[in-house]
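Student: As a plain string of letters, each chain reads:
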Amino acid sequence: PVTAGSIVVPYGHVIGNEKWRGSEVAQRLQGKVRLIFEDGLGLVDFHLSNRTCILLISEADTVAGDEFKRRLVRFRNASSLRGIVIVEKTQISDQYYLGVQKLVVLELGMVLLPVTNQGEASQLIIQLVSFCVGEQSRNRGANPFLRKRRAQLAEPAVLQAVQQIPGVGKTKALLLLQQFGSIHRLCNASIDELEEVVGRTVAQQIYNF
Amino acid sequence: PRFPVDQGRSLCVLADSREMCSAPEVISCLRAEHGLRVQVCALGTSDYMVSNRLAVDRLLQSELQSPGNRSKLSQRLQRLQGSFERICVIVETDRVRPGETSRFFQRTQYYDGVLSALVQAGIRILFSSCQQETAALLKDLALLEHRKGAAIQVPTEPEGHKRDILNFYLSIPNLSYGAALNLCHSFGSVAAVAN
Numbered sequence: 001p002v003t004a005g006s007i008v009v010p011y012g013h014v015i016g017n018e019k020w021r022g023s024e025v026a027q028r029l030q031g032k033v034r035l036i037f038e039d040g041l042g043l044v045d046f047h048l049s050n051r052t053c054i055l056l057i058s059e060a061d062t063v064a065g066d067e068f069k070r071r072l073v074r075f076r077n078a079s080s081l082r083g084i085v086i087v088e089k090t091q092i093s094d095q096y097y098l099g100v101q102k103l104v105v106l107e108l109g110m111v112l113l114p115v116t117n118q119g120e121a122s123q124l125i126i127q128l129v130s131f132c133v134g135e136q137s138r139n140r141g142a143n144p145f146l147r148k149r150r151a152q153l154a155e156p157a158v159l160q161a162v163q164q165i166p167g168v169g170k171t172k173a174l175l176l177l178q179q180f181g182s183i184h185r186l187c188n189a190s191i192d193e194l195e196e197v198v199g200r201t202v203a204q205q206i207y208n209f
Numbered sequence: 001p002r003f004p005v006d007q008g009r010s011l012c013v014l015a016d017s018r019e020m021c022s023a024p025e026v027i028s029c030l031r032a033e034h035g036l037r038v039q040v041c042a043l044g045t046s047d048y049m050v051s052n053r054l055a056v057d058r059l060l061q062s063e064l065q066s067p068g069n070r071s072k073l074s075q076r077l078q079r080l081q082g083s084f085e086r087i088c089v090i091v092e093t094d095r096v097r098p099g100e101t102s103r104f105f106q107r108t109q110y111y112d113g114v115l116s117a118l119v120q121a122g123i124r125i126l127f128s129s130c131q132q133e134t135a136a137l138l139k140d141l142a143l144l145e146h147r148k149g150a151a152i153q154v155p156t157e158p159e160g161h162k163r164d165i166l167n168f169y170l171s172i173p174n175l176s177y178g179a180a181l182n183l184c185h186s187f188g189s190v191a192a193v194a195n
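Sequence order for the protein chains is B and S.
The numbers in my numbering rise by one with no breaks, and the one at position 166 of the first sequence is 166.
The numbers in my numbering rise by one with no breaks, and the one at position 43 of the second sequence is 43.
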C-alpha cells in the first residue's frame with residue numbers, strides 16, 4: 001500500500017517501519033531513542049515527528065536500479081511531510097550519487113544526506129531526532145543557524161550610506177543628517193537647501209546624485 | 001543546456017572575489033566547461049549568487065567537522081538569512097594534498113549535529129567531491145532558478161555614476177548585492193527609490 005500520510009508520533013519517540021526490526025540501524029537506535037515499530041508505514045522508514053520522516057536508501061537499492069527513484073517520487077506526490085532521504089554512499093554506490101542528488105534535492109526539493117553504513121545512519125538519525133524534538137517544544141533558540149530577529153540600529157547604517165554619496169565624508173554626512181533627518185528628505189532637498197549645509201560644489205554633487 | 005537561455009546571453013553567476021583564490025577551478029570550470037558568465041565582485045555575504053534570491057556558500061567538509069568553526073559559521077549563515085530568500089550550502093570534500101594518503105574521514109556526532117541544524121533551518125545542502133563537481137552543481141542551480149524566472153538578468157558591471165549609486169545601495173543593511181544591482185537598474189535615481 002502506498003501510504004505516506006501523516007501519523008501521530010508521541011513526543012520524544014521514533015516510529016520505525018516493521019521491516020527494520022532487528023536490523024543494525026534499529027539495534028543502534030534502541031537505547032538512544034524510544035523506538036516503536038509499526039506495520040503499514042508504506043513508503044516511510046522512520047517517522048521522527050508528526051512533520052518529519054526518513055526514507056532510507058541502501059547501497060543495494062541504488063545499485064539495483066531505478067525502483068527507489070519511483071518510491072521517492074511516489075512519496076513526494078502523496079505526502080506533504082518533510083521527507084529526509086538518507087542514502088548509503090559507499091565505494092560501490094558512489095558513482096550513482098550525483099544522479100540521486102540531482103533528483104532528490106534539485107527536482108523533488110527534498111533533503112538528501114549521505115552516510116557510509118547503517119551505523120552512521122543511526123548516529124545521524126539520533127541527531128536529527130534531537131532537533132525535531134527541539135522544534136516541537138518550540139525551543140528553536142538552540143539552532144545556531146536560525147535567524148535571530150534582532151533589530152539592527154538604523155543610525156550608523158544611514159550614516160554609512162550617506163557617506164557613499166560622492167564628495168561626502170563623515171563630517172558632512174553628520175551635518176546633512178542633522179539638517180534633513182532621513183535619506184528620504186535628503187533625496188528631496190533642493191540645491192538651495194543643500195547649500196545651507198555644505199558648499200556649492202558639494203551641494204551640486206549631491207543634487208546630481 | 002537543455003533550457004534555452006535568451007538569445008546570445010548566457011546564464012550569469014556572481015562570485016565573491018575571495019573565491020578567486022580559494023576555488024579558482026570552480027570559476028574557470030563554470031566559464032570554460034559550462035559557458036556561464038561569471039562576474040567576480042565583492043559580494044561579502046555569500047560565496048556565490050546564482051539568482052536574485054538564491055545564495056550559495058561553499059564549505060569544506062573539514063569546516064563542518066571542527067567545533068572551533070561553529071560560531072563563525074552560524075554568524076555567517078544568519079547574516080545570509082537576513083539578505084536572501086533561499087540559501088544553499090555545498091559541502092565539498094577536502095582536497096588531498098600531494099604526498100598525503102587519502103585522509104580517512106571520521107564522521108563525528110558534532111558533524112551530524114551541524115547537518116541536522118542546517119536541515120532544520122531550511123538550508124539546502126548539496127555534497128560535492130571536488131571543485132569541478134561544485135561548478136556543475138552551481139550550474140544546475142542557476143539553470144533551475146532560471147527556469148523559475150529568478151535568474152540574474154541585469155548587467156552586472158555598472159560604470160561611472162551607476163557604480164557610485166551601487167555602492168550607496170550596498171551600504172544598506174540586509175540588501176544583497178543582487179538586490180542592489182536590481183535597484184540600480186530598475187530605478188532612475190536614488191530619489192526615485194526613496195519616494
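None of these hints come from the bench; they were simulated from the model.
These figures come from a predicted structure and were not determined experimentally.
The C-beta atom is built at its ideal place from N, Cα and C for all residues, glycine as well.
Check each hint, because a few of them may be wrong.
[To be verified] Pair by pair, the computed Cβ-Cβ distance ranges are:
(1) S:Ala191 / B:Gln95: 52 to 62 Å
(2) B:Leu159 / S:His161: 48 to 58 Å
(3) B:Glu24 / S:Ser71: 28 to 38 Å
(4) S:Ala191 / B:Glu155: 43 to 53 Å
(5) B:Asn117 / S:Asp94: 52 to 62 Å
(6) B:Gly169 / S:Val154: 49 to 59 Å
(7) B:Lys19 / S:Ser71: 22 to 32 Å
(8) S:Asn167 / B:Gln204: 12 to 22 Å
(9) B:His184 / S:Ser71: 57 to 67 Å
(10) B:Gly42 / S:Arg97: 41 to 51 Å
(11) S:Leu175 / B:Gln204: 47 to 57 Å
(12) B:Lys170 / S:Arg97: 23 to 33 Å
(13) B:Gln27 / S:Thr108: 52 to 62 Å
(14) S:Gln78 / B:Gln160: 45 to 55 Å
Student: Given the range 57 to 67 Å, decide if the beta-carbon distance of histidine 184 (chain B) to serine 71 (chain S) lies inside it.
Tutor: Given range 57 to 67 Å: violated, Cβ gap about 37 Å.
Student: So the hint says 43 to 53 Å: do the beta-carbon atoms of alanine 191 (chain S) and glutamate 155 (chain B) match that?
Tutor: The hint (43 to 53 Å, Cβ to Cβ) is violated, given that alanine 191 (chain S) and glutamate 155 (chain B) are roughly 21 Å apart.
Student: Can you let me know if the beta-carbon spacing of glutamate 24 (chain B) and serine 71 (chain S) is within 28 to 38 Å?
Tutor: Taking Cβ atoms as reference, glutamate 24 (chain B) and serine 71 (chain S) lie about 35 Å apart, which means the hint holds.
Student: Quick check: does the Cβ-Cβ distance between glycine 169 (chain B) and valine 154 (chain S) fall within 49 to 59 Å?
Tutor: Check failed, 30 Å falls outside 49 to 59 Å.
Student: Cβ-Cβ distance between asparagine 117 (chain B) and aspartate 94 (chain S): within 52 to 62 Å?
Tutor: Since the Cβ atoms of asparagine 117 (chain B) and aspartate 94 (chain S) sit about 21 Å apart, the hinted range of 52 to 62 Å is violated.
Student: Falls inside 41 to 51 Å, the C-beta gap from glycine 42 (chain B) to arginine 97 (chain S)?
Tutor: Roughly 47 Å apart at Cβ, these two residues keep to the hinted range, so it holds.
Student: Cβ-Cβ distance between leucine 175 (chain S) and glutamine 204 (chain B): within 47 to 57 Å?
Tutor: Roughly 27 Å apart at Cβ, these two residues miss the hinted range, so it is violated.
Student: Within 52 to 62 Å or not, the Cβ separation of glutamine 27 (chain B) and threonine 108 (chain S)?
Tutor: violated, 21 Å
Student: Note whether the CB distance of alanine 191 (chain S) and glutamine 95 (chain B) lies within 52 to 62 Å or breaks it.
Tutor: Given range 52 to 62 Å: holds, Cβ gap about 58 Å.
Student: Is it true that the C-beta distance of lysine 19 (chain B) to serine 71 (chain S) lies inside 22 to 32 Å, as the hint says?
Tutor: violated, 42 Å
Student: Taking the CB of leucine 159 (chain B) and the CB of histidine 161 (chain S), does the distance hold inside 48 to 58 Å?
Tutor: At 22 Å between Cβs, range violated.
Student: Holds or violated: the 45 to 55 Å window for the beta-carbon distance between glutamine 78 (chain S) and glutamine 160 (chain B)?
Tutor: At 20 Å between Cβs, range violated.
The structure fails hints 2, 4, 5, 6, 7, 9, 11, 12, 13, 14 (numbered hints given earlier, in ascending order).
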